[in-house]
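Visitor: If you want the building blocks of each chain, they are given just below.
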Amino acid sequence: MIKHYEISGTDFANGGEASSDFKTVLKKLGVPMDVIRKVSIAMYEAEINTIIHGHGGTCDAEIMPDRVVITFKDSGPGIKDIDLAMQEGYSTATDQIRELGFGAGMGLPNIKKYTDDMQIETSEGKGTTVILTIKL
Amino acid sequence: MKVSDLQKDLGLEVLTSKDYEDREITGCYIGDLLSWVMGRAKAGDAWITIMSNVNIAAVASLADVACVILAEGVKPDAGVAEKADSQGIIIFSSGKTSYELASLISKAL
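Note that the protein sequences, when read in sequence, are chains A and B.
Just so you know, the first sequence maps onto residues 1 to 136 in this note's numbering.
Just so you know, the second sequence maps onto residues 1 to 109 in this note's numbering.
Excised from the complex, chain B in its bound form (with noise of 0.2 Å):
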């Protein structure tokens, strides 16, 4: 599934610009530890994490992720966005808590 119909479907906020690469969602990885993430997400996941700080826009950029989802309402960190649209990232927030949004991507791909 494409990356918008992932946004519509699971009502995710947009934070980061509205204009972005249209993406094909393969996967999903869950993670807060930034090198665990590194290594173990897959090229065209689906990464939700509660960790807010600038550095998510370099993992997510270099893993290649197709998009990170901010659980539990968590905010990304001043600069955050700014820093990801730069690198071509996208970034959604969301009230649900990781497991739910996993069993939903899990049922929508």
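Next up, chain A with everything else stripped away, as it sits in the complex (with noise of 0.2 Å):
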């Protein structure tokens, strides 16, 4: 089964949305609630990234027999430098986001400490994708 989203760019307020409703999904299901909040977790931080960073995107969340599987997509300006980018505390956020409580630099360091596997491809100025994988 795949839920496909759509990510507005500028949305802080409905920030979450996708999470949120896959969250509600996987509950659904009675997949087991540690595995939820992990799920959850890496999910809204890649949400987050999606609209801060790469300024609107896709979503595709694929559950599997033993596994989820969950695609972002941006087309936004890339990461130009990964290391930096897993480093916690290390965020190229603005101000204003920061100001919103976000940039705290926990983006990417989070996804990896809650998922299984973590992917990233990105490209100056083409945009990035980030696969999420975690085990049921």
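What the hints contain is simulated information worked out from the structure, not anything from laboratory work.
Please read all numbers here as calculations on a predicted model, not as lab measurements.
Glycine residues also receive a C-beta, built at the ideal position from the N, C-alpha and C atoms.
Treat each hint with caution, since some may be false.
Pair ranges (Cβ atoms, derived) [to be verified]: (1) B:Gln87 - A:Arg98: 16 to 26 Å; (2) B:Gly88 - A:Gln119: 12 to 22 Å; (3) B:Thr26 - A:Thr10: 34 to 44 Å; (4) A:Lys27 - B:Lys42: 16 to 26 Å; (5) A:Lys28 - B:Thr26: 23 to 33 Å; (6) A:Gln119 - B:Gln87: 25 to 35 Å; (7) B:Lys8 - A:Met33: 42 to 52 Å; (8) A:Tyr90 - B:Asp77: 25 to 35 Å; (9) B:Thr26 - A:Asp116: 17 to 27 Å; (10) B:Gly95 - A:Glu62: 32 to 42 Å; (11) A:Asp66 - B:Lys42: 37 to 47 Å; (12) A:His55 - B:Asp5: 25 to 35 Å; (13) B:Lys107 - A:His55: 25 to 35 Å.
Stretches of chain B that chain A covers, calculated by requiring three or more beta carbons in the stretch to come under 8 Å of a beta carbon on chain A [said to hold, decoys possible]: (14) 22 to 36; (15) 66 to 74.
Mind docking these for me? Both chains are given alone in their own frames, and the hints should help you get the complex.
Guide: So this is what it looks like as structure tokens:
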């Protein structure tokens, strides 16, 4: 089963809609709460990244018998230095974003922490694809 | 302790629906940086914050905290309570500081 979501690049108020909806889907399927929490946290971070840094994009969340695979795709500026972006506390977010409580530099580290696998494909000026896998 | 017991004991103002799911509170977390909270708060925590924008509802829901307590008399932005209600999130408000709240919760748990 695949759920497709369009993620607006400006709509902060609704940031997390995809993650919230997918959480409801997993709940209905009877997925254990600790797994749902991992998926939710990783997915929310990726969703917020897609809004803040990717200026919007798409999300496809697929549920397989043994795992969940979630793909976020944007056409934003790409990630210049992935090693830096992976460091806790490093962020390129603007002051305006920081005032909203984001930009702590914990996005990618949190995704890595709560997933079993994270793949990033990025190209400067072309966009970023992040694929999260969480075992069920 | 139950969320309702905490609300009564600490005299917290209920900003969301009074007809809430009365969960067990198992811990407490204080933080305003949302990603930090997402990564570190535990399910069942009472989350104390001074962050008042709509994203606290999503973070509280996804991190599965038991309730949100806005400290130091902070009131949520417009629409936050409605959003929280739609996700089954409880938001309280208190004039106490984060330290005072955490100290009282520590004694109560």
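Visitor: Now, for every hint given, state plainly whether the structure supports it.
Guide: These are the hints, each one checked on the structure:
no.	hint	verdict
1	B:Gln87 - A:Arg98: 16 to 26 Å	24 Å, holds
2	B:Gly88 - A:Gln119: 12 to 22 Å	33 Å, violated
3	B:Thr26 - A:Thr10: 34 to 44 Å	37 Å, holds
4	A:Lys27 - B:Lys42: 16 to 26 Å	19 Å, holds
5	A:Lys28 - B:Thr26: 23 to 33 Å	25 Å, holds
6	A:Gln119 - B:Gln87: 25 to 35 Å	30 Å, holds
7	B:Lys8 - A:Met33: 42 to 52 Å	27 Å, violated
8	A:Tyr90 - B:Asp77: 25 to 35 Å	28 Å, holds
9	B:Thr26 - A:Asp116: 17 to 27 Å	26 Å, holds
10	B:Gly95 - A:Glu62: 32 to 42 Å	47 Å, violated
11	A:Asp66 - B:Lys42: 37 to 47 Å	26 Å, violated
12	A:His55 - B:Asp5: 25 to 35 Å	45 Å, violated
13	B:Lys107 - A:His55: 25 to 35 Å	47 Å, violated
14	22 to 36	holds (count 5)
15	66 to 74	violated (count 0)
Hint violations for this structure: numbers 2, 7, 10, 11, 12, 13 and 15, all remaining hints satisfied.
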